[in-house]
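Asker: Residue-level listing of the chains:
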Amino acid sequence: ILNVEQSPQSLHVQEGDSTNFTCSFPSSNFYALHWYRWETAKSPEALFVMTLNGDEKKKGRISATLNTKEGYSYLYIKGSQPEDSATYLCAFSINAGNMLTFGGGTRLMVKP
Amino acid sequence: DAGVIQSPRHEVTEMGQEVTLRCKPISGHDYLFWYRQTMMRGLELLIYFNNNVPIDDSGMPEDRFSAKMPNASFSTLKIQPSEPRDSAVYFCASSLRQWEQYFGPGTRLTVT
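Chains as they are written, first to last, in the working numbering: chain C, 1 to 112; chain Z, 1 to 112.
In case anyone wonders, no lab produced these hints; they're calculated from the structure. Bear in mind the structure is a predicted one, so any value in this text is a computation, not a measurement. Note that CB positions come from ideal geometry on N, CA and C, so glycine has one too. Don't take each hint at face value.
Claimed, not checked - Across the chosen pairs, the derived CB separations fall in these ranges:
(1) C:G54 - Z:R85: 42 to 52 Å
(2) C:G79 - Z:T76: 18 to 28 Å
(3) Z:R64 - C:E56: 38 to 48 Å
(4) Z:R97 - C:S28: 16 to 26 Å
The shape of chain C in the complex, shown without the other chains:
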């Protein structure tokens, strides 16, 4: 059983704060690490897919890093805005079949 853990489970921040979350995954048999953003009443939306140790990806104010040797990935949001409020999911795959195991998510709430 693959165990993907995310922390914290939830996070409340003020508008303008920068924040980061952690995703931990088994470091053996790694293939890819995905990050998704999931707004309430919508469907998950892909943010990043990373495959190489040391990968860093950025999209606007959101960025992510990957450490496959120690089995973790960080997601950073710079200058949080209320529209960033969502659940951020990470997911891990061990082969090219793209069969993902999802973590429980970090629920972010940004107060104006």
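Using the hints provided, position chain Z relative to the given structure of chain C.
Answerer: Using the frame of chain C, we list chain Z on its own:
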């Protein structure tokens, strides 16, 4: 492209009835996934297909669940007979090879 299309968006049925959920993946994508989202278990993979062939159905809860992909543009998930514990949101997603998955809007199933 219209994205992944799922129908119906909402389904309310009585225990014991057959339920069929439908999915049209993004054109050109070679992977199709069926997920179930519940409060207790989060987002869990039920089954996935590669080039219309089922690859892994280990997530299918029991024999009451079946899925087919008769061609590259259509898949169904069937529950027969349905039970109240099947109530959940069912997502279909598609991807091109091992890259990010694109999720449909989901079908909210309620079994009374």
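Asker: With reference to the structure, classify each hint as holding or not holding.
Answerer: Each hint tested on the structure:
Checked against the hint of 42 to 52 Å, the C-beta distance between G54 of chain C and R85 of chain Z comes to roughly 44 Å, which is consistent with it. In this structure the supplied range 18 to 28 Å is violated for G79 of chain C paired with T76 of chain Z, their Cβ-Cβ distance being about 44 Å. At roughly 45 Å, the beta-carbon separation of R64 of chain Z and E56 of chain C lies within the given 38 to 48 Å, and the hint holds. Roughly 23 Å separates the CB atoms of R97 of chain Z and S28 of chain C, a value that falls within the hinted 16 to 26 Å.
Checked against the numbered hints above, the structure violates only hint 2.
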